[in-house]
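Chemist: Position chain E against the provided structure of chain Z, taking the given hints into account.
Just so you know, the protein sequences line up as chains Z and E, in that order. Here the first sequence stands for residues 171 to 435, where the numbers follow our numbering. Here the second sequence stands for residues 37 to 305, where the numbers follow our numbering.
To be clear, the hints were calculated from the coordinates, so they are not data collected in a lab.
Label-pair restraints from in silico Cβ distances: (1) Z:L287 with E:G290: 44 to 52 Å; (2) Z:V205 with E:T95: 28 to 36 Å; (3) Z:S324 with E:T224: 35 to 43 Å; (4) E:A246 with Z:P358: 51 to 59 Å; (5) E:A246 with Z:T215: 40 to 48 Å; (6) E:G184 with Z:G345: 51 to 59 Å.
The beta-carbon is built from N, C-alpha and C at its ideal position, and this holds for glycine as well.
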Amino acid sequence: MRGRTSGYVPTWLPPIAVVGALLVLMPLIAMATRVDWANVGSLVTSPSAVAALALSLRTSVAATALCVLLGVPMAVVLARVEFPLKALARTLVLVPLVLPPVVGGLALLYAFGRRGLLGGTLNLLGLDIAFSTTAVVLAQTFVALPFMVLTLESALRAQGSTYEAVASTLGARRGYTFRHVTLPLMWPALVAGTVLCFARALGEFGATITFAGSLEGVTRTVPLEIYLQREVDPDAAVALSLLLIVVALVIVGFAYRHPGSRRVK
Amino acid sequence: MTHMRRARGRAAVLSMLAIALLLAGCTANGDAARSPATASAAGTDLNGTVTVFAAASLTDTFTQIADAFEAEHPGVTVALSFGGSSDLATQIVEGAPADVFASANEAQMEVVTDAELAGAPVTFATNVLTVAVPADNPALVTSFADLGNVAVTTVVCAPQVPCGAATRKLENDLGVDIPAVSEENNVTDVLGKVRSGQADAGVVYVTDIARAGGDLAAVPIVGADAAINACPIAPLTDAHNPTAATAFVSYVTGTKGQAVLADAGFGTP
Numbered sequence: 171m172r173g174r175t176s177g178y179v180p181t182w183l184p185p186i187a188v189v190g191a192l193l194v195l196m197p198l199i200a201m202a203t204r205v206d207w208a209n210v211g212s213l214v215t216s217p218s219a220v221a222a223l224a225l226s227l228r229t230s231v232a233a234t235a236l237c238v239l240l241g242v243p244m245a246v247v248l249a250r251v252e253f254p255l256k257a258l259a260r261t262l263v264l265v266p267l268v269l270p271p272v273v274g275g276l277a278l279l280y281a282f283g284r285r286g287l288l289g290g291t292l293n294l295l296g297l298d299i300a301f302s303t304t305a306v307v308l309a310q311t312f313v314a315l316p317f318m319v320l321t322l323e324s325a326l327r328a329q330g331s332t333y334e335a336v337a338s339t340l341g342a343r344r345g346y347t348f349r350h351v352t353l354p355l356m357w358p359a360l361v362a363g364t365v366l367c368f369a370r371a372l373g374e375f376g377a378t379i380t381f382a383g384s385l386e387g388v389t390r391t392v393p394l395e396i397y398l399q400r401e402v403d404p405d406a407a408v409a410l411s412l413l414l415i416v417v418a419l420v421i422v423g424f425a426y427r428h429p430g431s432r433r434v435k
Numbered sequence: 037m038t039h040m041r042r043a044r045g046r047a048a049v050l051s052m053l054a055i056a057l058l059l060a061g062c063t064a065n066g067d068a069a070r071s072p073a074t075a076s077a078a079g080t081d082l083n084g085t086v087t088v089f090a091a092a093s094l095t096d097t098f099t100q101i102a103d104a105f106e107a108e109h110p111g112v113t114v115a116l117s118f119g120g121s122s123d124l125a126t127q128i129v130e131g132a133p134a135d136v137f138a139s140a141n142e143a144q145m146e147v148v149t150d151a152e153l154a155g156a157p158v159t160f161a162t163n164v165l166t167v168a169v170p171a172d173n174p175a176l177v178t179s180f181a182d183l184g185n186v187a188v189t190t191v192v193c194a195p196q197v198p199c200g201a202a203t204r205k206l207e208n209d210l211g212v213d214i215p216a217v218s219e220e221n222n223v224t225d226v227l228g229k230v231r232s233g234q235a236d237a238g239v240v241y242v243t244d245i246a247r248a249g250g251d252l253a254a255v256p257i258v259g260a261d262a263a264i265n266a267c268p269i270a271p272l273t274d275a276h277n278p279t280a281a282t283a284f285v286s287y288v289t290g291t292k293g294q295a296v297l298a299d300a301g302f303g304t305p
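The following block holds chain Z by itself, in its conformation from the complex (with noise of 0.2 Å):
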């Protein structure tokens, strides 16, 4: 408990840090304990566990590809641009997160479904994503996104805009700063970002069974998957959970062991 550079640590502090980890672990030790070892390997490898995991992935990586899209202008604003109303739009931004996802999916509904306000003009483009794989990703993105925004326009504030500043004194022009300072400056908030938004997608649940619904290959993530299995075979839903853990330590892993903390130069 005493390590070796808790000098500046008060004594108080790492129990309390004990307990909060117990909290977090226990579940999952629980959750080990009922796993049926055996099996876990033909249960993991069904087709449809397998389907399930294959439309994860993918959904998950667009999701976050989208994500690292849209977030990336949205928080360089946010830290960067002043404009009226800015304390309401950083305020919206963050909705997704306290919004309960079953809800997140009704809005979604509401905006893209076929008799949502902007169904019509879905229609009109020959555009329909009701029951789609398009509908995931999209549900994936709206509950990740505040995720990204709000680990790069922290970071982005807390470093302040003086190096931007040198540059564009020394005659460099915004796209140029934009990329060479900029940019290198958040990047490894946009690794954390990038890291927090996958686990997000992948964990999507409640926005995905409402507004995308729930098909084997289709729309049937691995948390889906994992619902539906858990009322006719627990044993295949503890099989399920365990790989998704599994997956998203060795992402989130191999993430943090290449921070990538590049400097500015």
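Modeler: What follows is chain E alone, placed relative to chain Z:
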């Protein structure tokens, strides 16, 4: 140096102790809250609290039945907990403090009886399937056979859950192959898709249409009796209030309970 280290160690032990006490406090409170119900079981007249775990599809009927039961037995409070039958069965097996379990199907009751946590279950109601469509019926569905058409966006329950198993049986018996766009976990999710107009049709229980209000219309299935779903109820063996639990089960299967269920569209066992 040694003194310093000991002081640190003591602080650590103290904070651990404080947390342990906090946690212990929670447990003690929980026990205290439960004891009146345990004590009441010994009494001759009905009193205390009877906790009923009932399937979500029974929300309206069981709320009515509980009110009537409480009116007849002023000493008793019925605490209702509604949820998916499989959620409730899991909770009971994992030690949730319930007195009565009313399941929407026999499979989930079996989970509880297999764990030897319930007495002999009795069927208190039956239910048959119907086709639910949005009130304006955009795909002009007029029969169960219409759902075989790919142009009709149809949502069903997954075959793994009771409503889906019943749907599958009807498909086989009536010779209709439904190309469903989604296989949901429960009737509520099917209803949600149809009510929002996202789907043109869904296969649900007759009683669900009444629950959904005016947003939905029903297209009756000719031959629906081929797949009848039975709802069982049983007092639990670990009940804190076994007398009131048995009385509540008798009330549900008795004339008054049956009248409420019949009004809601349930069939008699």
